[in-house]
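Protein chains in written order, with the working numbering: chain A, 8 to 604; chain B, 28 to 212.
FYI, nobody ran anything at the bench for these hints, they're computed from the structure. C-beta atoms are modelled at their ideal positions from N, C-alpha and C, and glycine is treated no differently. Be a bit skeptical, because a hint or two may be false.
Pulled from the structure, derived: some chain A residues nowhere near chain B, Cβ distances all over 10 Å [to be verified]:
(1) ILE178
(2) ASN220
(3) THR221
(4) ARG570
EDC-like, lysine to aspartate or glutamate: derived pairs with alpha carbons at most 16 Å apart [to be verified]:
(5) A/LYS548 / A/ASP250
(6) B/LYS73 / A/ASP111
(7) A/LYS296 / A/GLU227
(8) A/LYS589 / A/GLU475
(9) B/LYS74 / A/ASP381
(10) B/LYS73 / A/GLU227
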Amino acid sequence: MLSVQRLDDNPCRPRHFKPPPCAPVVADPAAAAALETTRTRLLLAASLFALIFLVVIGRLVDIVALGGDAADPRVAHNRLVAPPLPPRADIVDRNGTLLATNLDSPALYADSRELLQSGENPDEAALRISKALPDLSLGDIRGKLASGRSFAYLKRSLTPDQEFAVNSLGIPGIEFSPAARRIYPLGDLVAHTVGYCNIDNIGQAGIERGLNNTIRGETEPVALSIDARVQFVLKDELQHVIDQFDAKGAAGIIMNVNTGEIVAMASLPDFDPNHPPSTNPREETELDKDRIFNKITSGEYELGSVFKIFNTAMALDGGTSTMTSEYDARDDIEIGRFTISDYHGKHRWLSVPEIFAYSSNIGSARMAMAAGADRQKSFLAKLGLLTPVPNIQLSPEEIGKPHFPAVWRPVNVMTIAFGHGIAVTPLHMITATAAMINGGILRPPTMLKVPDGEDVPGVRVISPKTSEQMRKLFRLVVEDGTAKQAEAQGYVVGGKTGTAEKNLHGHYEEKKLVSSFMGAFPINHPQYAIFTLVDEPHGNKESHGYATAGWTVVPATSRIIERIAPLLGVAPQDENSPEIAKALQIESLIGKKLEYN
Amino acid sequence: MSRLGGAFWFTLVIAAVTTNFLVKQTVQNLDDQLAQVKRKTVEDQKKIHDLTADWTFLNQPELLADLNNRYVHLVPMSPRQVVANLDGIPMRPVAPPEDAAPLPVAEAAAAAPLSAPVPLDATAPTDLAAASPPTQVHTPAATLSLISTAHAATVPAAPRPARSPAASVQPASLDAIFAQVAGSR
Numbered sequence: 008m009l010s011v012q013r014l015d016d017n018p019c020r021p022r023h024f025k026p027p028p029c030a031p032v033v034a035d036p037a038a039a040a041a042l043e044t045t046r047t048r049l050l051l052a053a054s055l056f057a058l059i060f061l062v063v064i065g066r067l068v069d070i071v072a073l074g075g076d077a078a079d080p081r082v083a084h085n086r087l088v089a090p091p092l093p094p095r096a097d098i099v100d101r102n103g104t105l106l107a108t109n110l111d112s113p114a115l116y117a118d119s120r121e122l123l124q125s126g127e128n129p130d131e132a133a134l135r136i137s138k139a140l141p142d143l144s145l146g147d148i149r150g151k152l153a154s155g156r157s158f159a160y161l162k163r164s165l166t167p168d169q170e171f172a173v174n175s176l177g178i179p180g181i182e183f184s185p186a187a188r189r190i191y192p193l194g195d196l197v198a199h200t201v202g203y204c205n206i207d208n209i210g211q212a213g214i215e216r217g218l219n220n221t222i223r224g225e226t227e228p229v230a231l232s233i234d235a236r237v238q239f240v241l242k243d244e245l246q247h248v249i250d251q252f253d254a255k256g257a258a259g260i261i262m263n264v265n266t267g268e269i270v271a272m273a274s275l276p277d278f279d280p281n282h283p284p285s286t287n288p289r290e291e292t293e294l295d296k297d298r299i300f301n302k303i304t305s306g307e308y309e310l311g312s313v314f315k316i317f318n319t320a321m322a323l324d325g326g327t328s329t330m331t332s333e334y335d336a337r338d339d340i341e342i343g344r345f346t347i348s349d350y351h352g353k354h355r356w357l358s359v360p361e362i363f364a365y366s367s368n369i370g371s372a373r374m375a376m377a378a379g380a381d382r383q384k385s386f387l388a389k390l391g392l393l394t395p396v397p398n399i400q401l402s403p404e405e406i407g408k409p410h411f412p413a414v415w416r417p418v419n420v421m422t423i424a425f426g427h428g429i430a431v432t433p434l435h436m437i438t439a440t441a442a443m444i445n446g447g448i449l450r451p452p453t454m455l456k457v458p459d460g461e462d463v464p465g466v467r468v469i470s471p472k473t474s475e476q477m478r479k480l481f482r483l484v485v486e487d488g489t490a491k492q493a494e495a496q497g498y499v500v501g502g503k504t505g506t507a508e509k510n511l512h513g514h515y516e517e518k519k520l521v522s523s524f525m526g527a528f529p530i531n532h533p534q535y536a537i538f539t540l541v542d543e544p545h546g547n548k549e550s551h552g553y554a555t556a557g558w559t560v561v562p563a564t565s566r567i568i569e570r571i572a573p574l575l576g577v578a579p580q581d582e583n584s585p586e587i588a589k590a591l592q593i594e595s596l597i598g599k600k601l602e603y604n
Numbered sequence: 028m029s030r031l032g033g034a035f036w037f038t039l040v041i042a043a044v045t046t047n048f049l050v051k052q053t054v055q056n057l058d059d060q061l062a063q064v065k066r067k068t069v070e071d072q073k074k075i076h077d078l079t080a081d082w083t084f085l086n087q088p089e090l091l092a093d094l095n096n097r098y099v100h101l102v103p104m105s106p107r108q109v110v111a112n113l114d115g116i117p118m119r120p121v122a123p124p125e126d127a128a129p130l131p132v133a134e135a136a137a138a139a140p141l142s143a144p145v146p147l148d149a150t151a152p153t154d155l156a157a158a159s160p161p162t163q164v165h166t167p168a169a170t171l172s173l174i175s176t177a178h179a180a181t182v183p184a185a186p187r188p189a190r191s192p193a194a195s196v197q198p199a200s201l202d203a204i205f206a207q208v209a210g211s212r
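Use the sequences and the hints to build the structure in full.
Here is the structure:
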């Protein structure tokens, strides 16, 4: 107590009160100045550290509470391996079957400078490489190894085995550069549709060329409307027709008439897109050209009687003919240097359904004359038969341009009525026919899958009533006309045959035919149209020497439909049931039987 | 007092540093694992991609058709084998009275109208189309009864299992079927 009192003389101070500490009083002014400087420096250092910590704290708050710079790409990716982008997107069919993809296939190149620096003997190295890759020429390799240049391709697109063989040689200066090669696992099955790429992965034909830029930029697979199974059936049966009738070629296309999707498209002979034939003009052969050529989209044909589909639809829709109109088909028509005659001549007046079923050229010509040139031309133009097919996913070089007379004379009107004097592609044919039977809506053809249930917009070209009449006529041809062999039990097939002579150098060759059949099923509610064509078939014993459509592509179509309908989910019906028979009955023919010779 | 405070803060700092280190280490390990898994995923994806190409190559329709012709001889479905909708499938025929026969399937098949005698040889009617004259239109019912007849014919006649009388009665509902199955055990 005493000692405390000694510290402070004030007896009334609170007991816990401590007097403020006093700085030592320094008497020396110099020492006081030095102390002041130190104090200032200390304060400076302390505030500097405080500032640094503040910055750190601020940044921490920024990262933790405010998210920081999450967009900084280094933060997210420096530890993660992103899959390398494919050079081209895969192509798949409508069911996801792979049609085109990329496989790793490195390229081999020689860095001659490094090889020579390492003291390796180029001759010896060349010999060892040529043993590993026997298809390369020894002299060629030697030249590249001794050249002194730092880059020369030895071989591109190595297989894994070849890569291993070369790698195990261990020659310095022989390097691989990573590359991907386009491969087509189904080989020649969808050759013309998918097309192929050159070694630099640039599309050269088909979808690969037509959609080259899309495929290059895309990572998701491109889904086509093609069904690989249906494609196989089509190709298989067409090949059968070629073998059976010793034909030059054949082609076929199957289309969904309600969406315009091309479900299958084949052109024979074809090629393997993994080893496409040379397109170099110097070494390209006639066969190579024929194999690459897509008859469906590029081939322009005078298709003959199948054109009567459009002639009849034009006359019925325009009101210039009705189902009961009759035309004089007693005698051949002589016009200029042409004579129009009938193959199955009846030599009497024929009604419109009879003209269609007997495929009367004379009757068709008279129907067209009754309609007139202007109506005919504008109708064909409306169906897109006078212009290249629009919006199809192909390069313009592969899209055929129709041929038709510049001046539409009466003789042209008559011949065009039965498909001569106008040349269109099979793609034109099936697109326009789909509109004739689907209720009258023309939809552009597409090679890309249309999502299920999506409505494809189209243009009305004929009335639903005319379309119904056309369906009845289609059925008549199969029931009682030139295409009886097209019947596929349960699938109610309808169609129209056409056998045309080829026009070579301005005159028609009697022995060189293009036989075709335009069919659809089930014709009471059409879902699919199928067009098949055989180029220069030769009659045989089974066909009694005939090479016409009725003996060649018509039976093939029947077989195709029987095989593909279950794949496409078309339910079989009883064609003899009263409802179907009634729906497809032509009133004016009730009780009549078409006689056939 | 100040010494105690100093010790407290020191411990806290040590604890914070340790926790920080441990958490950071765990995160780094997880990150490494993640990177590894992602790398593996990419590798696997590439392998799957290559195998898909291989699979497609091996499943070329042409190749499959060739193998079929050589080994299994399957033929395309004929339209009459396709049942378009559920209405096309007939209900199981109603069995005759209980005392008639203990094998309801064979009985029903025999009762079904058939214009041709069905061979009871079990090996013969493998081709359903060939088992009947070509003029006859196959209704699904006729086809089904052909199958059941052929099937029933393979059942040996002598050692028939003893069944309760209820087994031959047509069950009215799914529950009844279950009850019947349970009862026969």
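Do the hints match the structure? See the list:
no. : hint                : in the structure
1   : ILE178              : holds (28 Å)
2   : ASN220              : holds (23 Å)
3   : THR221              : holds (20 Å)
4   : ARG570              : violated (5 Å)
5   : A/LYS548 / A/ASP250 : holds (14 Å)
6   : B/LYS73 / A/ASP111  : holds (10 Å)
7   : A/LYS296 / A/GLU227 : violated (33 Å)
8   : A/LYS589 / A/GLU475 : holds (13 Å)
9   : B/LYS74 / A/ASP381  : violated (62 Å)
10  : B/LYS73 / A/GLU227  : holds (15 Å)
Violated hints, listed in ascending order, are 4, 7 and 9; each of the other numbered hints is respected by the structure.
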